[in-house]
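Q: Next come the chains, spelled out residue by residue.
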Amino acid sequence: MHISSWKKPLRENKPLFNRGLSFWGGALSGREPMREKLEQFRSYLFLIPGLFFLMLFTYLPILWSSWLSFNRWNLLSPKPKFAGWENFVELWHHDVFWLVMKNKFFFVTISIFPTMFLALVFAILIDERLKGRVYYIYSLFYPTLIPMAAAAMLWVYIYSPNLGILNILLAELGITKLGWLGSSETSLWALIIMTFWKNLGFFMLIYLAGLQNVDRELYEAAYIDGAGWWRRHIKITFPLVGPTSLFVLVTAIILTFRVFDQIHLMTEGGPGNSSNVVVYYIFENGFKFFDWGRATSLTTILVCILLTLTLIIFGIFGKRITYTAD
Amino acid sequence: MEEKKYEVVIKIFVLQIAAIVMILPFVWLISTALKNPSEVFTENLTLLPETFRWANFVEIMDQAPFWLYMGNTIIVCVGILIIQLLLVIPAAYAFARLDFPGKDVIFLLFVIQIMLPLESIIIPNYLITKKLGLLNTRTGLILPFVASGFGTFMLRQTFKQIPQSLEDAALMDGAGHLRFIWHVLIPLSRPTIVTFSMISIATHWNDYFWPLIITDSDEVRTLTIGLGMFVQQESGSDWSLLMAATLFVCAPIIAFFLVTQKTFIKNFLTSGIKG
Chain V
1 MHISSWKKPL
11 RENKPLFNRG
21 LSFWGGALSG
31 REPMREKLEQ
41 FRSYLFLIPG
51 LFFLMLFTYL
61 PILWSSWLSF
71 NRWNLLSPKP
81 KFAGWENFVE
91 LWHHDVFWLV
101 MKNKFFFVTI
111 SIFPTMFLAL
121 VFAILIDERL
131 KGRVYYIYSL
141 FYPTLIPMAA
151 AAMLWVYIYS
161 PNLGILNILL
171 AELGITKLGW
181 LGSSETSLWA
191 LIIMTFWKNL
201 GFFMLIYLAG
211 LQNVDRELYE
221 AAYIDGAGWW
231 RRHIKITFPL
241 VGPTSLFVLV
251 TAIILTFRVF
261 DQIHLMTEGG
271 PGNSSNVVVY
281 YIFENGFKFF
291 DWGRATSLTT
301 ILVCILLTLT
311 LIIFGIFGKR
321 ITYTAD
Chain Z
1 MEEKKYEVVI
11 KIFVLQIAAI
21 VMILPFVWLI
31 STALKNPSEV
41 FTENLTLLPE
51 TFRWANFVEI
61 MDQAPFWLYM
71 GNTIIVCVGI
81 LIIQLLLVIP
91 AAYAFARLDF
101 PGKDVIFLLF
111 VIQIMLPLES
121 IIIPNYLITK
131 KLGLLNTRTG
141 LILPFVASGF
151 GTFMLRQTFK
161 QIPQSLEDAA
171 LMDGAGHLRF
181 IWHVLIPLSR
191 PTIVTFSMIS
201 IATHWNDYFW
211 PLIITDSDEV
221 RTLTIGLGMF
231 VQQESGSDWS
241 LLMAATLFVC
251 APIIAFFLVT
261 QKTFIKNFLT
271 SGIKG
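Residue numbers (this note's numbering), protein chains in the order written: chain V, 1 to 326; chain Z, 1 to 275.
Simulated from the structure, these hints should not be mistaken for laboratory data.
Hints may be right or wrong, so weigh each one.
Straight-line distance between alpha carbons at most 27 Å, and here's what the computed BS3-like set of lysine-lysine pairs gives [unchecked claim]:
hint, chain 1, residue 1, chain 2, residue 2
1, V, K81, Z, K11
2, V, K131, Z, K103
3, Z, K266, Z, K11
Taking beta-carbon pairs under 7 Å as the criterion, some of the chain Z residues facing chain V (in silico) [claimed, not checked]:
hint, residue
4, L87
5, M115
6, P117
7, S120
8, N206
9, T224
10, T246
11, C250
12, L269
Just so you know, even glycine gets a beta-carbon here, dropped at the ideal spot from N, CA and C.
Produce the entire structure from the sequences given, and follow the hints as far as they go.
A: What follows is the structure in structure tokens.
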């Protein structure tokens, strides 16, 4: 990203103002510095409303909670009191915190990459079918549209130990029934499977959009060279959908880091914190234990993780995502 | 390029299996929602109810004000969308076609917001909403979502692709920024705007966490929260009623996307969402 460009002398990259397109019409088309200043001021007018809400509900909260995370603020000390790094040190020595982090890491890696891979494969298969396209797209995509709360209820029923369709099917196949949400060994997996079902179609649709940009003649050429279906896609499609994959990856990271609804409705983090993940842990500390100091320090940690991921992703690929359409 | 016969068969087979596996939960949802409560408590797998019991829906309406919840959900979704568009379009225009000091830094602020969903900063947002006195109001449900980094990013990409010559022509005719946006940019960017609107509606129809923590009366609760409350009330005893309520919550949004599928798929596949 060329952040530095705004430091350059303004006149250099300012062709538009000199052509005189102005806020109210062609009347103000002078080249005097005063007019240019006025024009710039007017560009800010377009941004101010959006920027105001962006500051109020994104950046101000982050700053405030970073400050609060250095304060003790819970049922025992009902007013925030400066406490230095205490909250963070406590978390460091807290087993649940590390379990939650491990669960989160597990959830993110296990759910993102298989989902992305299968989403791409299905996108390719659907892209090659002209008949029944809408049927295939919607049968994979509809779970994305279902509210997570509703999907969670549906899957609580599906996972229900005695009446649930999964255990009934397992019994039919002669496999022992599983405890699913009720057992600490399977609860996280149950949530991952359900989240997979929910997100697959969305990623597939983004890939399908990306595939529309791939030049079909490349496949013709590879076909004439005798490359089979799998080889054609490994060699042509996979590299060419790189930018789309990046977009999917970012979306997937956001979706999995914000996971809350299904945990609140399906397991409440249990049994024994086996399915507790960061956002739910924050919620617990804030709204169940009323330990706002700890909840805000967790928020600070989460924001730092997200910003680091953003920096890594944009640092490596930034140019490509932001400026492909330029 | 010809596909071999066996290839076609395998591909269709794989797709069909995937489609059936994905659809099966929903079919089961519909069938349970229409079953007699007594019919649910058997371990026999029946996909079709013996008798269709529409009374399940009447019963859930008696137990919780689901129509009120739906009204609230619609108000909140439409409210968010309208304000989002009012904020996003001018901002995207400034980023795409104007030049001013600090442009890249401010744009970065919008882009970074994409990576910071409300869920991750829910605690300070709750505290701020409390300070503003917006707890348990529809305004409180709407405002935190109105600045959309995602929408700004998406529309900026589209606005950038509108040829400069159109802008020059508009200028020749004496149009200002606002008339250029209204008469040229918006009509030409319709597919992206429609796609963004549909994504926005689907996202906020599904919101659960935010309404959960800031609402505490039926007057402002949305469908998803209503469903969660209903579940607690029922405590998982009557699956056919629970599934009827679940179906009621997701039916409108699915119906909306099925009705508009042509527009949605065409727009989504051709509009701004590309790497």
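Q: If a hint holds in the structure, say so; if it doesn't, say that too.
A: Taking the hints in turn, this is what the structure says about them:
no. : hint            : result
1   : V:K81 / Z:K11   : violated (63 Å)
2   : V:K131 / Z:K103 : violated (46 Å)
3   : Z:K266 / Z:K11  : holds (23 Å)
4   : L87             : holds (4 Å)
5   : M115            : holds (4 Å)
6   : P117            : holds (5 Å)
7   : S120            : holds (5 Å)
8   : N206            : holds (4 Å)
9   : T224            : holds (4 Å)
10  : T246            : holds (5 Å)
11  : C250            : holds (4 Å)
12  : L269            : holds (5 Å)
Checked against the numbered hints given earlier, the structure breaks hints 1 and 2 and satisfies all the rest.
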